[in-house]
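S.K.: Combine the two chains into a complex, taking the hints into account.
One-letter residues, chain by chain:
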Amino acid sequence: MESGGDNPDLPAPLDSLDRPRVGVDEWVAQVEQRRERYTGLAGLTYRALAFVPAPARLALFAAFAAALPLWMGRGDLFTYGIFTLLYALLGLGLNVVVGYAGLLDLGYIAFFGFGAYFYAELSSPQYGIHWSAAASIPVVVAATSLLGLVLGISSRRLLGDYLAIVTLFFGQAFVVFVNVGNPTVAGKGLTGGPNGIADIDPLSFFGYELTTRTQQFYFLLLSVVVVLVGLHFLSESRTGRAWRALREDPLAAETMTIPVKRLKLMAFAFGAGIAGFTGCIFASVLTAVTAGNFDLPLLITIYAVVILGGLGSLTGVVLGAIVINVSFQFLAPENPQNNARILFYAIVLLLLVLSLRPRWRLAAVVGGVVGLGLVTRLVDEVLAPSWAGGPVVEGGRLAPAIGDWVVIPAPGHGRFGSFAYVALVVAILILTLVRGSLRTALLVPAVYLAAVVWENSFVEQPAVARWILFGSLLIGLMTVRPQGLLGTPRVEVV
Amino acid sequence: MSDRPLLELRGVDKAFGGLTVVSELDVHVAEGEIVSIIGPNGAGKTTLFNLITGIYRPDAGDIVLDGRSLVGLPPHEITKRGVARTFQMLRLFLNMSVKENLMAVQYGRTRATVVESIFRLPRARREEREVNRVAEEKLAFFGQRLAGYRWEQPAYSLSYANRRRLEIARATATEPRILLLDEPAAGMNPVETHEMTELIGKLRDNAGHTILVIEHDMHVVEGISDRVVALDHGVKIAEGSFDAVATDARVVEAYLGLRQAETK
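Keeping their order, the protein sequence lines are chains B and Z. Quick note: the first sequence uses the working numbering, first residue 1, plus one each step. Quick note: the second sequence uses the working numbering, first residue 1001, plus one each step.
Accuracy of the hints is not assured; some may be wrong.
Example chain B residues on the side facing chain Z (calculated, C-beta under 7 angstroms, incomplete) [stated by the list, open to error]:
no.	residue
1	R238
2	R241
3	A245
4	E248
Label-pair ranges, simulated between beta-carbon atoms [to be verified]:
no.	chain 1	residue 1	chain 2	residue 2	range
5	Z	W1151	B	A48	17 to 27 angstroms
6	B	V434	Z	E1136	52 to 62 angstroms
7	B	V434	Z	A1140	57 to 67 angstroms
8	B	A50	Z	S1069	45 to 55 angstroms
9	Z	R1125	B	P297	36 to 46 angstroms
10	B	A59	Z	R1109	27 to 37 angstroms
Simulated coverage check for chain Z against chain B, where a stretch passes if three residues somewhere in it have a Cβ under 8 angstroms from a Cβ of chain B [unchecked claim]:
no.	segment
11	1110 to 1121
12	1244 to 1253
Note that these hints are calculated values from the structure, not bench results. C-beta atoms are modelled at their ideal positions from N, C-alpha and C, and glycine is treated no differently.
The following block holds chain Z by itself, in its conformation from the complex (with noise of 0.2 angstroms):
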């Protein structure tokens, strides 16, 4: 793990109409580090996602990914560059196939024109293998879940904790420096909780991406963070280890009331 933080935000502010959202937010992750976001509903995790992949642009303040600056730019400009998410509420490619969702957005990694797809000129069908490949190297990192027979049915067929997967394999497919995984773990029962946790792990470890991830679930918070990120109402109240985090008095009292948090 370098120093160097591979994205940062610098004093980001975002508001809606007289809402403020997002106010005067520093975040920063390292290479190969694990962050996670926690905070009440509402407290602006997936707005932070949504500045970062530029879906929103910031009022103020300036989103940096290895020293360049993706204030501005388009999101799929921004994709490019190495920034990959999953959505909270799933928005999978879904009648395509499980393949082809991953094959789709390699879109920008690729540049075959028109001419040279329809003529299958030599760069197309070199290409066209290489986004198999790559497709089918992504989906084997989920194993058994996402096995061979899959491959090829409609998106829609799988089942809820399947489509979670498959939007995270997606996400890989662009090849990202980093990952901003939305909620990954919701939705899913204990068993497949567990396993998530694990994912998420072995996303690190072995295909070596950095990961930026929204969680309710402290358990699974607390399995993969390297360091815990609290906001509420979009102002960051707290941030460092888990158990730092996870006790600090302003914390508790975002998540439980004043009264609780003196009473503890």
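Next comes chain B alone, as it looks inside the complex (with noise of 0.2 angstroms):
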């Protein structure tokens, strides 16, 4: 760093016009540096992983998954290997249009399962066409990549909400064409209509067939690998630069030699290509497909992944992927209750941790709110017996704590849970509305009462609780960090 005299971080005097304040800018320029000096172990981790070069963190990515078969049962491969690398591949795609170029494209999941249905029409029993997969992949990726094109001319003129509105209005056209058009084309239902299609072919290969969990895995993986090599190499090129030139200014962009047009087109295009690739092997994974797979939950969870990695960064597609993927499925319905217990009592604690300072005062909540169950626990013993001593669901080791803290009454009184859930939303409306020390003593309240709608309701509806805890941690992480991950702050100079 230059010098300024004594104190680097003061500016240079100014001695002479020609001799420049050096020093002065570059101060201004770390500004973000400077606030986002991390500490801890988010530092360490952020510093170290800024430390390792590209191809490295590669690499180790790379090793990291390719090991998961060797230990990973058959089922979870599927659910958390398998699953992973396709939101990962769909995400890269969608990247390309949303993170690079910037067009806010809602039809995306379309070009999926326009991939995954023509894979399917190439190689299942439905017309009995068995095209080996080296032959309907580039098929099915022209094929995809020319339908991105026309939606792109249609609607090139587009831009922001118009170009959302017109895209998701073609997504969703999609969905119904698939699940209620099904044109009759051979004497057949072309898309199979509700049942979609079965039986789909594996990916195969100039005779050698990708059967197993494992093959799918280590052929996903390759493409995923494949398809972060090329897009970071265009990124870094004429055409990389160009989309995000037009992201940010497309005016400017126009008169300066870049054709905005074509580009978007492109974009559109190649995003495309990619998510009709990613339908292909999803198709063959599944061995079927119905036009539920490709609704908007899909297209939501994978605006998430992008977003949640960080717009515009590889690292963080890749990153958001395994977060959104690996906690989706790890509160599944199947999966023991405590899984998902243990993540919302940690979900409290964190919250409670990042909003409340000094520590004292953290220790003061976290103490009262354990207190305060002690307390109404025994004198709802002693009161109202009949209101106590309900059966902990699923509680594992927990079971026993679980029971002396939580009001839990014996089965009969099934609308107790509903009246304490409408009693939480009440104190979260009051904890926004009061302030200081009030707020931090009623908190203690709300917290043990969360606790308790938990106990009594949520972990009875499995599939309800999944969605709420899996809404909090994005709402928590994306609040910590608005950029995504692994993505660089956006900045508007006014």
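M.R.: Shown next as structure tokens:
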């Protein structure tokens, strides 16, 4: 760093016109770094990550992922491994459209669906066509890119909200077409309607079929690595820079030799191609496709992957896919409820740790919640024994502790959980209205109420609890890092 | 300086609805010349730039660069032919690095396809080196102001004056034949304004650019112009040397009003 006299943080004196004040702008430029100087474990992680060069990061990721099948069961490999990689591939394609070119494309999943259905038509008993993947994948990818081009051409004059509406319509039209339209071609429904297309062939290359989960996983891993490397090179090329330039300022880009319309179309086609490719793998791995696979929830999930990871960051997309899929699968209703329970209490505790300063206040609240629980449970036991002693659902080793702490009425008081839920909502509303020490004091019953609601209501409805927890996790992560886990904060100068 | 104009506007008209912004305008700029456009606010100066760069299409007349008409070409094509501009309200690629700003605008000069870029084939690699070299060369022209350590910083982190300089650097990275500068000294302090005056001179003398510049600061206009064109309500009211234009009765009237012009 250039030195400015004795104190390097101060601007150097202006001693002549032709000697610019080196150091002033630099100090201003580093304001973000100073503000974002992470401490402790987080800082160590970020600094370590920044220190590792991109190829090494990729090798690390690939090595870790390649080792997964060695110890994971086949079911886990499917839900955790294969789906994470599918999300990562889809996220990488969406990242080109949204992250690089800045086009809000809400019809993205339709390309994924188109690819999956097209592969299914070419490799299933539906029409008795059984192409090898070596032939069908290039055809499908080309066709999907072409479809992306068509959508891009029809909406090339649209920007922002308008583009979002048109593409969303396209995405929904695809679902309706597949589900209800189902035109009859060669004496058969083209898409199979609500039943979809079943018995899709596995991926096969020159007589070699990928049938086991492990084989499919490795093929996907290879695809992700190849796409990652390709996109990395592309983003550091004239095309990648032109995409980012048109995202920043389309008019300036257009007057600076960049053909904006053509580049937008290229982004659409490129993203669609990756989605179509992913669709092929998806169809072959699941061996069946139905319209429901390509509806809004998946679109939202993929957007969450890209935004959580950090728009425009390749490593971020992969990390986002891991975080989203792993946490979502972890909360699956088939899993023991203790997973969800531990995550629930962990989130509550994390929120308390993040929001309460100084530490003694945190200690007071946590202590207060524990104390309040024990006392309430005791009073309940003495005054209204029938309202106590209900069974703890799937408590595992935690069951005795929870039973002694949370009020759980014996069966027969069915509405208790619902009332507690209403009380919790009211408590949270009041919390947002009051300030200062009153808020801290009110936090104690509110947190306890949350635990009561969890143990009485949500724990019995794992499907609901899954979405609520998943949503809170995303809200929490995005509040902590609004630019995404590995994204750089976008700055507008006013 | 040759006599043949590099850029020539012949009888250019532009109206928005019923409002005539530019009418019957003839302007020419010879190779190696610095021509200033002056005029009060709303005189049609920036519209003139928008017409030349293809953002607007003239209703009538012709705009010719080195014998070839620019009318009807898309803006990116016009820039490729050799017309680069800066904006009055800065339009940098703020969230890209300083150097990337200059690399991005060389899109039109490079040819590598997507496939070549992805696989880093020889042409893509060669062009990448060339793009990098040109960007660094153009930035080096600005000396300490856009010195090496700033190259990797995001453009938004630059000071206002440096953002103006970066806009000029970005325009030069397209290797233009004529440079259009829209109020390069706007919002600068006297020291920076003086520096900008020298810089514009150097852009012509050392870098060999032909320059058409809109400027309000008369010290800058006096310091740089070979010729001055004064506009008012879209009509050319005076043209010639700075001294001739600055004392022209119609120019004084346009700036100060009729009564003051008479009493002068």
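S.K.: Take a look at whether the Cβ-Cβ distance between A59/B and R1109/Z falls inside 27 to 37 angstroms.
M.R.: Distance hint for A59/B, R1109/Z holds at roughly 35 angstroms.
S.K.: Should the hint that A50/B and S1069/Z are 45 to 55 angstroms apart at their CB atoms be regarded as holding?
M.R.: This hint holds: roughly 52 angstroms between Cβ atoms.
S.K.: Hold the hint about A245/B up to the distance rule: shortest CB distance to chain Z must be less than 7 angstroms.
M.R.: Because about 4 angstroms separates A245/B from the closest Cβ in chain Z, which is inside the 7 angstroms limit, the hint holds.
S.K.: Could one say that the CB atoms of V434/B and E1136/Z fall in the range 52 to 62 angstroms?
M.R.: holds (58 angstroms)
S.K.: Check whether three or more residues of the segment 1244 to 1253 of chain Z sit with their beta carbon closer than 8 angstroms to a beta carbon of chain B.
M.R.: violated (count 0)
S.K.: Using the beta carbons of R1125/Z and P297/B, state whether their distance is inside 36 to 46 angstroms or not.
M.R.: holds (43 angstroms)
S.K.: Does R241/B meet its interface restraint, that is, does its C-beta lie within less than 7 angstroms of any C-beta in chain Z?
M.R.: holds (4 angstroms)
S.K.: Confirm or reject the claim that W1151/Z and A48/B have a C-beta distance inside 17 to 27 angstroms.
M.R.: holds (25 angstroms)
S.K.: Under 7 angstroms is the threshold here; is the Cβ of R238/B close enough to any Cβ of chain Z for the hint to stand?
M.R.: holds (5 angstroms)
S.K.: Mind taking a look at whether chain B covers the segment 1110 to 1121 of chain Z? Criterion is 3 or more residues with CB to CB distance under 8 angstroms.
M.R.: That given contact holds, which follows from 7 residues of the segment 1110 to 1121 of chain Z lying within Cβ reach (below 8 angstroms) of chain B.
S.K.: Okay, V434/B versus A1140/Z on CB: inside 57 to 67 angstroms?
M.R.: holds (60 angstroms)
S.K.: Using 7 angstroms as the Cβ threshold, decide whether E248/B counts as touching chain Z.
M.R.: Because about 4 angstroms separates E248/B from the closest Cβ in chain Z, which is inside the 7 angstroms limit, the hint holds.
Going through the hint list in order, the structure does not satisfy hint 12, though it satisfies all others.
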